[in-house]
Amino acid sequence: MSNELNHLAALATKGRISRREFVGRAGALGMSTAMAGSLLATAARAADPVKGGVLRAGVQGGQSTDSLDPALAASDVPYMINMTWGETLVDVGLGGALEMRVAEEVSSNADATQWMFKIRKGIEYHDGGTISAEDVVATLKRHTDDASQSGAQGIVKGIADMKAEGDMVTLTLNAANADLPFLMADYHLLIQKAGGVANPTSGIGSGGYMIVEHEAGVRTAMERFANYWDSSRCHADSVEVLSINDNTARTAAIQAGQIHMMTRVDPKIVELLAGNTDVVIERAAGPGHYVFIMRCDAAPFDNNDLRMALKMSVNRAELVEKILGGMGSPGNDFPINGAYPLFDDSIPQREYDAAMAAEFYKKSGHDGSPIVLQVAPSAFPGAVEAAQLFQASANAAGIPLAVKLEPDDGYWSNVWNVAPFCASYWGGRPVQDQMYSTAYLSTADWNDTAFKDAKFDELMVAARGELDQAKRKGMYSEMANILRDTGGLICPMFNDWVEGRRAEVGGWIPNPAGTLMNGRALSMCWLNA
Amino acid sequence: MHPIVKLVVQRIALGLILLWAVSVVIFLGVEMLPGDTAQAILGQSATPVALANLREALGLNEPALTRYFNWLFAALQGDLGVALTNGQDIAKSIGSRFGNTLFLAGCAGVIAVPLAIGLGLIAARYNGRWPDKLISGVTLATISLPEFVAAYFVIFVLTQVFPIFQPVSMVFPGMSFWDKLQAVALPVIVLVMVVLAHMMRMTRAAILNVMQSAYIETAVLKGLTPMQVIWRHALPNAIAPIITVVVINLAYLVVGVVVVEVVFSYNALGQYLVDHVAKRDLPVVQAVGIIFAAVYIGLNILADVIGIVTNPRLRNPK
Amino acid sequence: MKMPLSAVIGLFMTGAFLFIALFAQWIAPYPIDSAVGKVWEGPSAQFWLGTDTIGRDILSRLIYGAQVTIFVALVSSLLSFGMGAFFGFLAATRGGWIDTGLSRLVDLMMAVPSLIVALVVLSVLPLNLIVLILVMGVLDSTRVFRLSRAVAVDITVMDYVEAARLRGERQSWIIFREILPNALSPLVAEFGLRFIFAVLFISTLSFLGLGIQPPETDWGGMVRENKDGLIYGKAAALMPAAAIAVLAISVNLVADWVLSRTSSLKGGRGG
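Residue numbers (my numbering), protein chains in the order written: chain A, 1 to 529; chain B, 530 to 847; chain C, 848 to 1118.
Since the hints were made in silico from the structure, they are not lab data.
Just so you know, even glycine gets a beta-carbon here, dropped at the ideal spot from N, CA and C.
A couple of the hints might just be wrong.
Over 12 Å on every C-beta distance to chain C, these chain B residues come out as not near it, computed from the model [said to hold, decoys possible]:
hint, residue
1, V554
2, M561
3, R584
4, L609
5, G624
6, L644
7, F821
If you only want the chain C side, here are some residues facing chain A, beta carbon under 7 Å, derived [as the list claims (entries may be wrong)]:
hint, residue
8, Y877
9, I879
10, V886
11, S1019
12, Q1060
13, P1061
One chain only, chain A, in its complex shape (with noise of 0.2 Å):
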């Protein structure tokens, strides 16, 4: 490793450049994309973390309405406060890796039907008493029995039974499933006292920081526990969520100052601050992903030459460009790109063709009336002004495309999941199978393009539990095949995660699994003087 290397990565975690920057330039040098990473890794923990202050995060999407209760939390402000007061039993970590938290170590057995996580010994929560398996089991019936009010109910349903033995969890589940340890990873699953039955909303856990005072969607400052177990964290001494639902107000936050890092900078005014030596924009590739989807059971979208109509009519490239600002990558009509450990990147780019796209629709012999697309602002960033952009490509190619604007309230009770074709987005899963069962197995409970296919549904249940990882990547690249080609979801871009941070923020990596490096960046991040 050249000196020259080293220099840049000292920089970079000092947060003088930004990490795309030393990947760029370690590039150049003649280094890999992932050697950067892992090197850019150890220089960060090699750089001495700077202890005290107060960090503060700026976080969109925080609501008078949240709860402190791990199984409601469904935005980034509760997720990134409940991120830093409580811990799950594993984390996923950079490259999409397990990371041992509440549980020391995780195996299987041959199988993989049961599972077995032992407990960190002497983990104390903020209110006095060690974590035990007994609160682990607690804390997983109460978001997934029958009586569970979880967001998580769906994910880890399939366990069949739960024991607590001395500091030994044991799952057993109903079918293999190889992935289960990355379920364990889901942000619904903090480890409560007693698994929070009895005050699910204390917002007390074995987290890095205490809650000092809590505003719903206002602010929430929090203190370091003193008797935290894992003393590389946590430096500085207290740290704050703010909500601060306006883009142009978090970002003139983050330029004063009066915030140290931010969720969702607006991908069109990234060149506009690179003028600005106090901040740095961080990016990650993500899974998350915006989509159009038609509902295969609902005419005119029962027809896949329609729906190949449609799929060949989206100008992707635009998209990425206009919508995302050129940080994110177009879609290719499956919700999985690289982020995904086993995704196949041989399978063809589909791309903008007017062409094909009318010779598509001329074959589904639509009758000519306006093909509706619902759309509402709060679909995603930039949806209405997507949906035009679609509008405009797909009447080019002579499909009568139309858009019809809903409102935002109510739009995912009303709209999504209702409308046969709309505007939505998904946030991602660690891993692919969790995508599929959630969205596009047959029986799936949000499948929201009313996707049915025997074939898939026998490939995913296979995939599950083969332990075989070639043979599994063969079998997911097919499902992928199936999707893109008869499935009713229009994925145009994968969006990338576009944040911000003050320069004198050090030990930043960014994580992809997660928005602010996967909920941690504020029990890992320090302010250097």
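Following the hints, position chains B and C against chain A.
Frame of chain A, contents of chains B and C only:
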């Protein structure tokens, strides 16, 4: 009983009935909206079973009438209950947020009302001459900016070009009065820009309207200066329309500033109401709705009383 | 009487806006919905006012947007004035239970948060321009009602109204011949501003989803679409904002002129 006292007592009694009517209208309105609290909370990721469980736990399966009367009886005993969405005590949350709302509206009102009336008087005094045109032009330009544009403009100038203030205005317990004043400086500036023109132009128009009357001519012939004429003779006779518009704007400062609250992340009642309407959190919507309604009704009573007190013919009806 | 220069300018500009709105199809250089350029291009010979957030020509969208903006704002302001002033005068002249009933009804309408009203309307009525105009007109008429009632109450106790009553004039004669001319100044001033509020209100309702359907657009909505570039020197949002401001000033210049004419109707000095 003095007729005005009697009127006020009557109006307050009617006001209470109106508040009850408002609660009925709000209840019916929110019931008519599609979707319910459970669905709104769990959003895109919930399973039907979890939804049903949450509905049961929140008592959403009770008949609508039962839920309304349960709320009404509790509210009449001073118990506003807890928010369905996050279980927080409504009276406590509203208390601090209403305080913030009044603080912001108060700061803006204290500056805007005297300024608007003063400018209106000056514009009327120099009717058609350059001070009039300057005042009219500037206030019309500020009012034609949508609120968020005015807000971004102020953020740009006062936090980026001249870094005097902070763009995020949230206030919380433990801040000193001075800190709070500094925090709300930007939203106050924006709100003053937004409400100034309306009150100023109405003052000007109302003054000009009475300036044509015979008694003004008498006053002028008496040899009073133009400003004296306006101040002593025209203003008292033009007060009814001015006060009506002032009150409409004050009410707006209390109940209508949600856009400004959002841009500056100011934790007041408007944002709180919008969040809970989106989540169909009926107890909170009711409580905030009643407070807003009381503000409107109270201010309207005030306007009517001032209108009567200042008009001798109305004060002593024949 | 000679028309003052400001009134000439106001009339000319207002007329120009109306002309642009009426003949948008022939004037606009590009279609309203096609992305002809890059995102947020600055003004150039090709795009006189630059391009918007997805690369559409701002000038063309302003010209098409004038149609919806001016039409909806004008009709809804007229509606709110017609209704508000009529009922306000009626309440003031009749007094008694008609006054109490109308006034308290208006209190009730003003007191229910308009967000809830808008959302309810949205969920039960079809979305089109007529509904939009009705909602805006009715919501706004409450403000006009209060103002016109306050002004008229002062006038009804004047001697000349008493005299008319004693002469046995009909109610409508008193309203239209005595009260209206004497209340006109504050109402005209109010109209000038209500019109502008209406222009801005359309975009608020559009945001709730109760409003203009794309690709149609209105000026307030255009400001909103382009707002994110505002503090970074991207002027796209300023173009429609400036259009609103110029329209506001033009209309109010006309209103000021009418106002000075109406004051003279009463036969005071300088009449």
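For each hint, the structure was consulted:
1. V554: 5 Å, violated
2. M561: Contrary to the label, M561 (chain B) does not stay out of reach of chain C, its closest Cβ about 5 Å off (not over 12 Å).
3. R584: Label holds. Min Cβ-Cβ 20 Å, cutoff 12 Å.
4. L609: Given that every Cβ of chain C is farther than 12 Å from that of L609 (chain B), nearest at about 17 Å, it holds.
5. G624: 19 Å, holds
6. L644: 17 Å, holds
7. F821: It is violated; F821 (chain B) is separated from chain C by about 6 Å at its closest Cβ, not greater than 12 Å.
8. Y877: 12 Å, violated
9. I879: Violated: closest Cβ of chain A sits about 10 Å from I879 (chain C), beyond 7 Å.
10. V886: 5 Å, holds
11. S1019: Where the cut-off is 7 Å and the nearest Cβ of chain A is about 42 Å from S1019 (chain C), the hint is violated.
12. Q1060: 5 Å, holds
13. P1061: Holds, about 5 Å.
The structure fails hints 1, 2, 7, 8, 9, 11 (numbered hints given earlier, in ascending order).
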